[in-house]
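Residues in the sequence shown are numbered from 4 upward in steps of one, following this note's numbering.
Keep in mind the hints are simulated off the structure, nothing from the lab. Computed from a predicted model, the values in this text were never measured in an experiment. The reader is advised that the hints may include incorrect statements.
[To be verified] Listed next, with one range per pair, are the computed distances between beta-carbon atoms:
{"#": "1", "residue 1": "G61", "residue 2": "A41", "range": "16 to 26 Å"}
{"#": "2", "residue 1": "G99", "residue 2": "G126", "range": "35 to 45 Å"}
{"#": "3", "residue 1": "L129", "residue 2": "D44", "range": "25 to 35 Å"}
{"#": "4", "residue 1": "I64", "residue 2": "A41", "range": "21 to 31 Å"}
{"#": "5", "residue 1": "T138", "residue 2": "N116", "range": "17 to 27 Å"}
{"#": "6", "residue 1": "Y142", "residue 2": "G99", "range": "28 to 38 Å"}
{"#": "7", "residue 1": "L45", "residue 2": "S127", "range": "16 to 26 Å"}
{"#": "8", "residue 1": "I140", "residue 2": "L45", "range": "36 to 46 Å"}
{"#": "9", "residue 1": "E143", "residue 2": "V97", "range": "15 to 25 Å"}
Beta carbons: idealized from backbone N, C-alpha and C, even for Gly.
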Amino acid sequence: MANPAYYSYDQANVNPLHAQRGSELAKTRTIYASTVPADSDLRKMVPAGTLLVKITSGTGINKYGPYLKTASDGRESPAENGVGFTTAAYDMTVCGDKALALWYADCVFEPDNLTMGGYSLWGSSLTDLKAMFPTCIFYEE
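Let the hints inform the model, and build the full structure from the sequences given.
Here's what the structure looks like:
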């Protein structure tokens, strides 16, 4: 039987890594399901490669949620709070809060396959992102 928390379809199940070297590190963090917006089918989907940021205030404190520029719970400040990219795609609709693996070190990311929630991958924002992931590479052709 398939894991109901994991989903796979071409558009959402992309690989956030450009290449795997075998030294990638992931950490397990709990995602706060209430921070995941519902799609047009009313499902709370988290694509692989989603930038997650630690929640520092409110009801989801010390859990993680997708980066959101207009948030006021810590998710708007990835540079100050812990960050990572989801390793796989998940459906948060059924399972609620769920522990997920987040890539955070020694990774070669494919920027086109990252879900940034409005966080820019250019200019000073890219410089900040590289500072948040100092041992990672953001592949540029």
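Going through the hints against the structure:
1. G61 to A41: 16 to 26 Å: holds, 19 Å
2. G99 to G126: 35 to 45 Å: holds, 37 Å
3. L129 to D44: 25 to 35 Å: holds, 33 Å
4. I64 to A41: 21 to 31 Å: 22 Å Cβ-Cβ, so the 21 to 31 Å window holds.
5. T138 to N116: 17 to 27 Å: The hint (17 to 27 Å, Cβ to Cβ) holds, given that T138 and N116 are roughly 19 Å apart.
6. Y142 to G99: 28 to 38 Å: At 34 Å between Cβs, range holds.
7. L45 to S127: 16 to 26 Å: Cβ of L45 to Cβ of S127: about 37 Å, so the range 16 to 26 Å is violated.
8. I140 to L45: 36 to 46 Å: holds, 37 Å
9. E143 to V97: 15 to 25 Å: Because 37 Å falls outside the window, the suggested range is violated.
Hints 7, 9 from the earlier list are contradicted by this structure; the remaining hints agree with it.
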